[in-house]
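Chains S and A are the protein sequences, given in the same order. Quick note on our numbering: the first sequence kicks off at 1 and runs consecutively. Quick note on our numbering: the second sequence kicks off at 1 and runs consecutively.
No lab work stands behind these hints: they were computed from the structure. One should not assume that every hint holds.
What the hints assert, rightly or not - Once the Cα atoms are required to be at most 20 Å apart in a straight line, the calculated EDC-like pairs of lysine to aspartate or glutamate come out as:
| no. | chain 1 | residue 1 | chain 2 | residue 2 |
| --- | --- | --- | --- | --- |
| 1 | A | LYS169 | S | ASP190 |
| 2 | S | LYS75 | A | GLU2 |
| 3 | A | LYS53 | S | GLU139 |
| 4 | S | LYS75 | A | ASP32 |
| 5 | S | LYS39 | A | GLU11 |
| 6 | S | LYS75 | A | GLU43 |
| 7 | A | LYS144 | S | GLU186 |
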Amino acid sequence: MAAVSSEGTEADSDGGSEELVLTPAQLIRSLEQAWLNEKFAPELLESKPEIVECVVEQLDHMEANLKRAKRGDLKVSVHRMEIERIRYVLSSYLRCRLVKIEKFFPHVLEKEKSRAEGEPSILSPEEFAFAKEYMANTETYLKNVALKHMPPNLQKVSLLKSVPKPNLDSFVFLRVLERQENILVEPETDEQREYTIDLEEGSQHLIRYKTIAPLVASGAVQLI
Amino acid sequence: MEPAEAEFLAEKELVTIVPNFSLDRIHLIGGDLGPFNPGLPVEVPVWLAINLKQRQKCRLIPPEWMDVEKLEEIRDQERKEDTFTPMPSPYYMELTKLLLNYASDNIPKADEIRTLVKDTWDTRIAKLRLSADSFVRQQEAHAKLDNLTLMEINTTGTFLTQALNHMYKLRTNLQPGESAHSQDF
Chain S
1 MAAVSSEGTE ADSDGGSEEL VLTPAQLIRS LEQAWLNEKF APELLESKPE
51 IVECVVEQLD HMEANLKRAK RGDLKVSVHR MEIERIRYVL SSYLRCRLVK
101 IEKFFPHVLE KEKSRAEGEP SILSPEEFAF AKEYMANTET YLKNVALKHM
151 PPNLQKVSLL KSVPKPNLDS FVFLRVLERQ ENILVEPETD EQREYTIDLE
201 EGSQHLIRYK TIAPLVASGA VQLI
Chain A
1 MEPAEAEFLA EKELVTIVPN FSLDRIHLIG GDLGPFNPGL PVEVPVWLAI
51 NLKQRQKCRL IPPEWMDVEK LEEIRDQERK EDTFTPMPSP YYMELTKLLL
101 NYASDNIPKA DEIRTLVKDT WDTRIAKLRL SADSFVRQQE AHAKLDNLTL
151 MEINTTGTFL TQALNHMYKL RTNLQPGESA HSQDF
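All chains, please: the whole structure from these sequences, using the hints.
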């Protein structure tokens, strides 16, 4: 099976990332994993520009091939169906991220601003542009509709304080992909004591997102 | 997650069909399928099986567990145990619904199977409600949910997690010290 690497995609998108060598099937699986994680995580997760680009490339390549095939062929309709299914996952994934950006835009931009050099960005370049524009538009809108009619001392509004933060304390369901030991579970009430658990491969759990957020990022667990 | 999305994921599971046409191997992005020869069983994902079935291009062979005797055993086991028993497929509910809706003529005793799966489902959901109740009452911080399927988790999951989040909010605001400021006049 052909290997998909990030070569051939535009080089300016993501400089420091390591080369991905995945079969197309593995590529689709990682897109689906990213999709489900994004769906269930309360915060915006790290963007996956390599996966998105490679999937788009695969889809374009397949569509180009299908244009050359003759119409009405059974094979063509099977390929079309598969393309539609992958496209659905891809757009649902991207849409889910846009919804989160719209919901948490000041915090997302703040996080991006304070990001250390070399750390992977949580936004793709397109998403970053979208978030910035969304922020600017919201500010202009608030100013035009209400703020400019206020007394001068009330004309400032801090979006960082007025837009709710993602709730990292929320509970999530997850399936363990790689065994983990000694996960610290914080107590719910003062009477309880904290304790540690081991996450066995293949087991499923209900737990606070905060506790396992790093494991979602590293791919050791899958949100469900 | 919407039930339709769980169903979407279930459609990736493989089933065996007997095609009535011939076609070379198909090189899909997600892997190769085929070759298809009339009368020779071949494994395909459910989404393709249903499509071919609708176009009357194949006969469907139900999965091994989709059998009255096996399902009766599973149902009885589920009723006997207090915990969740392992299911024959992580998508048993979705697959039953899909296959029975689109290929009931290829599945013997379809109605009985439908009832059996529904009974098992009901037992499991009742258990799930009970354990969710005790989880909330005992204010647990962690629960293990082995053997629960995606559809089951998502039927009660969204409601449960939202309820837990609300309760957490109410509880943390009750803690002394934090509320002290708002009481200051």
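Going down the list of hints, with the structure as the test:
1. A/LYS169 / S/ASP190: Holds. A/LYS169 to S/ASP190 sits at ~15 Å (cutoff 20 Å).
2. S/LYS75 / A/GLU2: violated (31 Å)
3. A/LYS53 / S/GLU139: violated (55 Å)
4. S/LYS75 / A/ASP32: holds (12 Å)
5. S/LYS39 / A/GLU11: Cα-Cα ~19 Å, so holds.
6. S/LYS75 / A/GLU43: holds (16 Å)
7. A/LYS144 / S/GLU186: Roughly 16 Å separates the two Cα atoms, so the pair holds.
Consistency with the previously given hints fails for numbers 2 and 3, ordered from lowest to highest.
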